[in-house]
Amino acid sequence: MLDPSQIIIPLLNPANHSLTENEEVFLDPIEFEHFSVEFSLSGLRSIIRELRKHNFDDLDWHRLAQAADCLSLTHGFSQLLCVEHLAQRWKQVGMIPYPHQIQTAEKVLKELRGQAILADEVGLGKTIEAGLILKEYMLRGLVKKALILTPASLCWQWYTELYEKFDIQAGIQRSEWDWEYADVLIASIDTAKRDPHASIIQKITYDMLIIDEAHKLKNSSTAAWKLVNSLHKKYCLMLTATPVQNNLKELYNLITLLKPGQLGSYRSFKQKFMQDLRTPKNPQELRKLLSGVLIRNRRSEGTVQFTKRNVHSIMVELSPQEKQLYDRISKLIKAASQQFQVNLLPLITLQREVCSSFYAASLTLEKMYHKYKADNDSYILQLLQEAANVRQNSKCDIVEKLVAEIQDRVIIFTEYKATQEYIRYRLQRAGYKTFAFDGSLSRGRKQWIRYLFQKEGGILVSTESGGEGLNFQFCNHVINYDLPWNPMRLEQRIGRVHRLGQTKDVYIYNLVTKDTIEEHIMFLLHEKINMFEMILGELDAILMHLKWDKSFESQLMNIFLKYDSKEQIQKELSKLGDQILRTRAEIKAQEWDIF
Amino acid sequence: MEIPELVFQFFKLCKLTPIEIRKGIYQVHIDDQLAKELDGWRAKGGLLQFTFDKKLAETYGAELLSQGSYRLDSIVRLIRKQAILSCGYLPHDVFYEPEIQNKIMEKLRIQHPFTRWYILDHQLRYGPYLWFTVRFTYLTYEKREEIRKFLVDLVSGRVLNYEIPADLLKPGTCDSNLCYQRRLSYKQAYQRLQQLVIEELKYTDASWAIQANAKLEQERVQLEQFFRDSPNPEQLQRRLEELMNRAKPRVQIRPLRAALLYMPKLEYRVMRVDTEEKINRITYDPVSSQYEIS
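Residue numbers (the numbering used here), protein chains in the order written: chain A, 1 to 595; chain B, 1001 to 1294.
If you're looking for bench data, these hints aren't it; they were derived computationally from the structure.
Check each hint, because a few of them may be wrong.
[To be verified] Straight-line alpha carbon distances no greater than 20 Å define the calculated EDC-like cross-link-like pairs of lysine to aspartate or glutamate that follow:
1. B/Lys1012 <-> A/Asp69
2. B/Lys1248 <-> A/Asp28
3. A/Lys91 <-> B/Asp1039
4. A/Lys226 <-> B/Asp1229
5. B/Lys1149 <-> A/Asp69
6. B/Lys1081 <-> A/Asp58
7. B/Lys1149 <-> A/Asp60
8. B/Lys1248 <-> A/Glu38
9. A/Lys91 <-> B/Glu1058
[Unchecked claim] To spell it out: a stretch of chain A is covered by chain B in this simulated footprint if at least three of its residues, at any positions, have a beta carbon under 8 Å from a beta carbon of chain B; those stretches are:
10. 29-42
11. 56-69
12. 73-79
13. 87-96
By construction, the Cβ of each residue, glycine as well, lies at the ideal position given by its N, Cα and C atoms.
Next comes chain A alone, as it looks inside the complex:
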C-alpha cells in the first residue's frame, strides 16, 4: 500500500498555485471540416509534472474538484453570470442595475458579439453597462487582457467604478511599463496615442478594448482614431452619448472604426444614406444597419426614474457693513475695467470672490496691492482694512441654521479655498464634524475622506475641483454656498449626488445674496433657463452647440460691467437665456431619428 505520508492534503499546498490555467499553451490545431480541435499542452504538463514527482493529492479532494469542475462550466450566453456573482457586492455598495443596463449587456453578448457602440443618453449608466459586459466576459474566461481608454479626468472614476461595482482590480497607466503588465488597464487616450506608448500598445493583443467618450474619434484623420484603428482587439466597446454631433460622416467614421464594412464604403454610404451632411436618407434601412452595432437607450423610454430634485433658493440679506464693502469692491472692479481695458479674467475672479466671501476676495486684493505697489492710503488698502473689520458673515449664519435643520450628511460647495476654510472654522466652532475636500488632496486621501464621510456622517466642505470624479449618492443635501457663473459647473456639483444610485430625493439649497451679482445669476439659471429641471448632460450639449467665442463667464462679466441698473442687467441676461432656450429647442428638433 502507498505510504499515507505520501498523500498530501492539498489545500493551501503552494505547489498547486502554479497549476492554474493562466498561460494556456495549445498544440497545433487539427482542422476538421467545420471546426478545429486544439489540445491544451499546459493541462497535460501539469499532470505529468505531478506524476513524475509522485505528488498525489487526497482522493476526496479529487472527487470534490471534479464536482467543482462541473459547477464552473459555461453554458452559452443564456443568462448573465455576473448578476448573481456580484449580487452580494452590489448589496454592499447599494447598487441595483437597471433593466435597460442588463438588457444592453445581454444584447451585446448575444447579438452584437462583443462589438458595440453604447450610445445611451447621458446619465443612463453607460459605464455600468460596459462594466457588466467586461465582467461577464471575464467570468466566462473570454477576456483576460482589457484596455480602457478614457479622457484623463475620468481614469480614477473608471478605476473606482470597476473596483467597487464589479470587483475588477484594474490598473491606471502611469508609465510605459504598465501597458504589458496589467491585465485590465485604464489609460488616458491622449497618453496612449503618443509615442512611445502608441507603438507599445500596438504590439499587444487585447481581448477587450473599451473607449469612453468615443465621439472624440469622429474624425478619421486624428491620431486617436488611427491609434484605435491600429489596435489588436477581440471585442470592442465604444461609449458615447452623442454618436452624431455635427454630421453623418462622424457616425460613419465611428462605426467603420468599430466594424469596417458595416456601412459599406463612404461613397456608397453617402449615396444610400445621406441627403446632405446633416440629413439622413433611407432612415429605416440605416436604422436597421445601425442596430447591428449601436444601442441607444433613452430617458423617454422610461428606462430610469431619477429621484426628485428639490431646489430652494435662499435669499441672504447682507448686513450694512457687508453691503457697503461689496459695493465698494464692485466699484473698484468696474473702474479698473474701464480705466485699464485689462484682461477681464482677474476682474471676473475678484467679482466672483467677493460674491463668495470677503476672505476669498481679500487674498486677491492683497495680491493687487502688492502688484500695483499701491500707496498706504490707496483705495485697495482701505478695502483690505474694511474687510478685516467686517465681523459678520450673513451667509455663514444662514448655513449654521440650515445644517442644524437638516440633521443629516450635507455637502457644502464653494469655489474658493479661503471660503472653504472659513466655513469649516464656523461649523467646527458650532460643534459640527467637518471634512475638507479640495483639489490639492491626493486621490487616496480623497477616497479615505469620502469613506469617513459615508461612514461617520457630518459635513463635507468641498471646492469644485475637490469633488471631481467622486460620487456621493449616499448624501442627498447640497448647499451651494456661492454660485459658479458657469452653469456646467453647477450641474457637475449637483451631479455628484443626483445621479444613478441615488435613492432619496435630493435637496439643493442655493444661497443667494440679495442685490448682488448672485441674484442676477440665479435669475438666469433658475428662473430664465430653469437649469435645475434640465436633464443631466443636456446643458453640456447646449453649451457645446452654442459655440460662443467667449466663455460663459466672460459673457456674464461683459453684461455686469456694461450695465448698472438691475433692469438693464436682467434684460441682457434674459436675451442670453433666450439664446440658450432657442438652442435647446434646435437640438431637440435636430434629434437624429436614426437610432
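Place chain B on chain A using the hints.
Only chain B this time, still in chain A's reference frame:
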C-alpha cells in the same frame, strides 16, 4: 453533487464544521490563511455566515451560496486548484467470483461451442489506469463547455469512456505484487485519449459550428468588400485575424486533473480442449464486465 453537499464536503476537508445557528443559516470560523485563499491577500479570517436560501440571505444578511454567487465561486475556484493528481484503487470482493466464473464459462460455451474449458485457478490482480477529467470547450461567438472523463488502461492502451464508481474508490495503491506493470507511458496514454477524442469529434453533431461559420462568412465577406473599395492589405489582414480570433469555431480540450487508479482484474488460468489441449489466460474486468483471452 449538489451545492450544499459540495460546500459541506469542502469545509469537512478543511477540517471545519459549520454550525447551523438558525434553520438554514450556517456559521463557520475561517482562519486568516483560508480567508486569504478565498478572498485575496488582504482578507482576514473571521466568522462566515452562509445559507443556500435566497430569502434567508436577504433576511439575515448571510452570504448566499448559490450557482454563480461570489462566495460559491470563490469556494469553487479554490477547490479547483486542488487535486491535479490523485491516486486510488477500487477494492474488489471475490465473494461473487463463482458467479463470475459461471458467467464467463457460459459465454465461452456460446462463442466456442466445440471447445471445452476448464478453470485451473484464479487470481485477483489490479491493473493501472489513468483517469482523466477533461474539459471540452466549444468556442465560437459563444462558449459552451462540458466535462468528460476518460479511463486509459495503461496495460492494454484501451480508452474506456464510462463512469466509474468514484465513491467506491479508496485512497492510495494496492499491494505492488498484485499490480500489473504498466506498458504505456503517460504521454502515450494521453495520445490514446487524443485519438479517441478526434475519432469521436469527427462524427459529432457540428451544427453549432456550421451556424457560426455562416455568420463568420458574412462578416468576412463584408470586410473583404470594404477593403476592396478602400485597399489596405495590412489592415484587412489584421481585421480578419481579429474576426477569426473572435468567431472561428473550435473545440479546446484541456485535461484538468487525473488520477492514477488501480482497478481489479480477475485472472483465470484455463485449459482449452478442442483438437489439442492448450492453457490460456482469461482476464476479466469486473468494472466493465468484459473479458479478454490471451
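How the hints compare with the structure:
Taken as a hint, the B/Lys1012 and A/Asp69 pair is honoured in the structure, with Cα atoms around 19 Å apart against an allowance of 20 Å. Simply put, B/Lys1248 and A/Asp28 have alpha-carbon atoms about 15 Å apart, close enough for the 20 Å limit, and the pair holds. Restraint check for A/Lys91 and B/Asp1039: satisfied, since their Cα atoms lie roughly 17 Å apart, inside the 20 Å limit. Between A/Lys226 and B/Asp1229 the CA atoms are separated by roughly 19 Å; this keeps the pair inside 20 Å, and the hint holds.
As the CA atoms of B/Lys1149 and A/Asp69 are separated by approximately 11 Å, the hinted pair is consistent with the 20 Å bound. Restraint check for B/Lys1081 and A/Asp58: the C-alpha separation of about 13 Å stays at or below 20 Å, so the hint holds. For a cut-off of 20 Å, the pair hint linking B/Lys1149 to A/Asp60 stands: about 17 Å separates their Cα positions. Proposed proximity of B/Lys1248 and A/Glu38 is supported: the alpha carbons are some 12 Å apart, at most 20 Å.
With a CA separation close to 10 Å, the supplied pair A/Lys91 and B/Glu1058 stays within the 20 Å bound. Proximity of the segment 29-42 of chain A to chain B, defined as three or more residues with a beta carbon under 8 Å from a beta carbon of that chain, is established by the 12 residues found. Under the rule that three or more residues need a Cβ within less than 8 Å of chain B, the assignment of the segment 56-69 of chain A holds, with 14 such residues. Residue count for the segment 73-79 of chain A with a Cβ under 8 Å from a Cβ of chain B: 5. That meets the three needed, and the coverage hint holds.
Counting residues of the segment 87-96 of chain A whose beta-carbon sits less than 8 Å from any beta-carbon of chain B gives 3, enough to reach three: the coverage restraint holds.
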